[in-house]
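Residue numbers (my numbering), protein chains in the order written: chain E, 1 to 376; chain W, 1001 to 1558; chain L, 2001 to 2157.
Just so you know, these hints were derived from the structure itself, not from any lab. Just so you know, nobody snuck in bad clues.
Heads up, simulated DSS-like pairs for lysine-lysine below, C-alpha to C-alpha not over 27 Å straight-line: (1) E:Lys345 <-> L:Lys2107; (2) E:Lys76 <-> W:Lys1507; (3) L:Lys2152 <-> L:Lys2141.
Here are a few chain L residues that face chain W, going by a calculated C-beta distance under 8 Å: (4) Thr2036; (5) Ala2038; (6) Ala2041; (7) Arg2045; (8) Pro2054; (9) Val2057; (10) Met2058; (11) Cys2059; (12) Ala2062; (13) Ala2071; (14) Leu2092; (15) Ser2093.
Chain E regions said to be covered by chain W (calculated; three or more residues, Cβ under 8 Å): (16) 79-89; (17) 272-284.
Keep in mind that this is a model prediction, so the values were computed, not measured. C-beta: ideal position from N, C-alpha, C; glycine also.
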Amino acid sequence: MAKIVRLDVKKDVLATLNDFFRNLLKNNMSDALVVPQNLPSGVSTVQTIVGDPESVISVNPFAFVLPANSADILVKTTDDASKQRIVALFRPCEMRAVFELAKLHQINLENVTLISVDCLGTLPISDYTELAGKSEEDLTLKLLKEVENNGISTISGRDLRPACLTCEFPVIDTADISIWTLGLNKDKEILLSANTPKGEVLLSNMGFELTEEDPSERKTALEALIKAREESRDKLIQGVKEAVADIPGFMRVLAGCINCHNCMKVCPICYCKECFFESDVLKSSPKQYLDKAGKKGVIRMPMDTVLYHIGRMNHMITSCVACGQCESACPSKIPLLGIYLALGKDVQTVFNYLPGKSLDEDLPLATFKEEELSEV
Amino acid sequence: MFFCTCEGTIGLNIDMNELEKRVKKRPEVAFTVKVGNLCKREGQDLLKNEISKSDADRIVIVGCTPRTYEEIIDKGALEAGINKHLLEQVNIREHCDWIHSDKKSATDKAEFLVGGGIARVANALSIEDKEVVLPNKEVLIIGGGVAGITASLELLKRGVIIHLVERNAELGGRAYSLDLERLREDEIILPAIDELTLNEKADIMLNSEVVEIQGTFGDYKVTVNTEDGQKEVVVGGIIIASGSNLFDANRIPEYKYDDEDVIDFYELEKMLVYKNLKVPSTGEKPKRLNFIQCVGSRDENKGNTHCSLVCCTYAIKQAARIKTLSPDTEVYIHYMDLRGPDNGFEEYFLGAQKKGVIFIRGRVAEILRENGNLRMRTEHIELGEVMDFPTDLVVLSVGQEASSGTKKLADMVHLPLDVDGFLGYYNDRFDIVDRRGISIAGCAQGPRGVARSISDAKKAASEIAGILKNGLKAKGVHSVIDENRCMGCKLCEQLCPYEAITMITVKDYITDEVKMVSCVNLAVCQGCGACAMACPGGVPQLIGFTNREIMAQIDELI
Amino acid sequence: MVTDTKAEETVDAPNENEKKFEPKIIGFLCNWCSYTGADLAGVSRLQYPPNFIPIRVMCTGAVDPVYVIKALLEGADAVLVAGCHPGDCHYLSGNYKARRRIAILKKLLEDIGLEEKRVRLEWISASEGQKFADTVNEMMKETIKLGPNPIKSEWDI
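Using the sequences and the hints, build the whole thing.
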């Protein structure tokens, strides 16, 4: 049984949520909010840090765009001495990254209350901004309606980002509070579920009464959604696995890499101050370059492309939440999401580990067992 | 670059002249010299001499395995003014010359290996050996048996304040009731206990138990449950002398330890000390007395697999003393094979035989009480038959096993137990005190007699006192952490097997962000490199084995 | 390229095609067990092909998978990571940590079509000179069967 608060939708679902968050700040339930808001132009929606209730203007966690996995905002806004209270609203993939980063001691969750939403997926930024530029009414509300009628794989004729299309975590009910909309009539009401004592305290302090219930509509809708996502995921994994199944295939897939390391820069899990693959370790002297060219005949420049990709996977793939930001940021459109999804699944299965599922499971690389992996 | 031919034993397959010729061509190489034996005085002198003549700042030594003479060679290089981290030993002996019989390929491989060595040393970091400060000089001794008492007295003699924790109400342990005829007078336990209890610098906690140990070499905070409640002591080092338990013979029901007239050697010892040898059920002197050896020892099924080392000697000594006290008593010793690792064993053995002690080889099957009479069934290996022995008194030579608190203590100090459950980690190592200022003395590290326990304790005490007084140097290979690049993710802290990494709080110098970063405690770091691998950013680096060195070596070797 | 007729003797009877291929194997050997085991193999004059190249590390727990990747990308046909037996690690648990890392690495390499046999984790103690030599010989044999590391034919790594 979940502990639920029902919010009546008056104007529209976004306005209702905006009021909720504004009141949170107004009633001093938090010192700051981390919430996605529509840009004034309406063309995109970005994460914001808000300190003044009057600046809670256009909270929108349902926008079909995700410019960044903003788990990183909590890395920036908390430290080991943090006392200020933050309420943060994230999508499930961001939330899972938050959990991984908390386990890596990059985020101090002590005074943070986490709120998640049911996520229907996002479009590539360029597609979204293009649609938004043309749209007369609020694009989110328009698309929400469209999705309800048309299903969940394409929106206005455009494909979702592959990460969203294959996402097996469209909801995450381990955040302190989750905002439930899936399968419900968003024009009438939205549900807030308090999943932790922290979440319960926040909601009851705001004057809400929590009731115990288990809305079956959401469950049914969720199951259908996950089933569809998993089908696309398996298809994608199969395709990628075939493409990279041998070294020439793998090299073909990586051929476009320009060594910009954008995939690492936008990755929420890559938390190093200086990436191993950009550090002094791999620096070569002029003589070393030429010696190497002499020895090998030819070297591709910039060097160490494959070393970077396989090496980075070794470092972070156990924590990869498959948010697909790497792929979105890749100027050469390398199908990184598929690679990480396919290879990540294999590795994570070895340790029976689901990144970002909960805070209690040890990171596979932070521990070991004496009796395991005897076949290695 | 020095080519050491190891007195001519290298170069059987490798063409050393050709190798030198090829290597000399490399621009990194300042000069090459052939020597016969860098591990000897002449070689070392030559090394110093040649280095001082040239402007070379790094050394490659091409010769034997670094596992043998590394320390000597490092020392020689240091005297020549070159830090050991800037020296690389390339092993062309065990890993090349001795195993490849084809001259050409052996020489080619040697060239490769030398190239790898050059690449590695060229990328090496030079770090001066660091001194580590140890703030607290007092020592905690866990266990007040003969080892604990000896260690305490030895430390007090050197002016070190000690804290002794004993679980029981009295000091002395098992040695208290042993007849220690072969020890010098001043080592006998009773005066030692008096001396210790009278010493003002000795903080003795009886009926007490250590419950928590936190900290590191030079700064341990130890929580002790004492008679007067919980107490915290702060010490620099710890000696664990928690002893062993005697095997409980009840675990082998065939030996009828519940019978009055079946006793273990320790009960017999008490009878002998008070010269009061008698059969408990009758109060008379025994006419026939049988010792059973290896009770609970070397017995996979019912006891422990290890040999307790001292029981044979004890039994023989006891048998001889019985013969002296009561020459008419027939004494039999049933043994599997006699083991006497200590000096003088043979003398005891011959003496006992002369006095008429009879030795019978065979495993005793069971002890029976029938019609009021005690009898043993045993095989007699030499006669090849099963025999029945009537007896008045049976003495079980029970072995030693790890004391019940050993596991808990081991966990507290993060030491592994050996296969027999003892803290035997240092038995086969030369270090008496480990890098964390923890030493183990006496039976806690495995079965042993009083004499060895005493010598253990003396060694441990003198060593630990020496280090606490003089300070210690960081291990040659140790980790360094660049705190500016550290993200404080604690992966290295979680994977360090020695708790050598602590998280310290720092403020970002630009943003004032308060964050934790890792910091290596050089007193404790053993140089395993777990931290270096734990960190995805490669922030901790193992001196002498940095990522850059190894990557360069890989580059060169392929 | 290092050549040795002996190599072919020890790795019995490869067929005509394979005869030309002499695999290069890099071994990361832990200082306390496997490096010393290799020393013992040397002292015991146990023959193995010269195209096995050892690199000394303090502990298998210090072998960053990046080293192994680097070795394979540079063209090693196989990589051996060898250390103390489980429970025997000089540093208590380094080999357990290494086992997790190598498990991940092998999975990844397998997925991109690099045979998992090209990376081998072995426990070889200081007294197992024979096991060391046997392991190297066996790896040579297996690697010959696998053929050259396919990465070698890609220069654009």
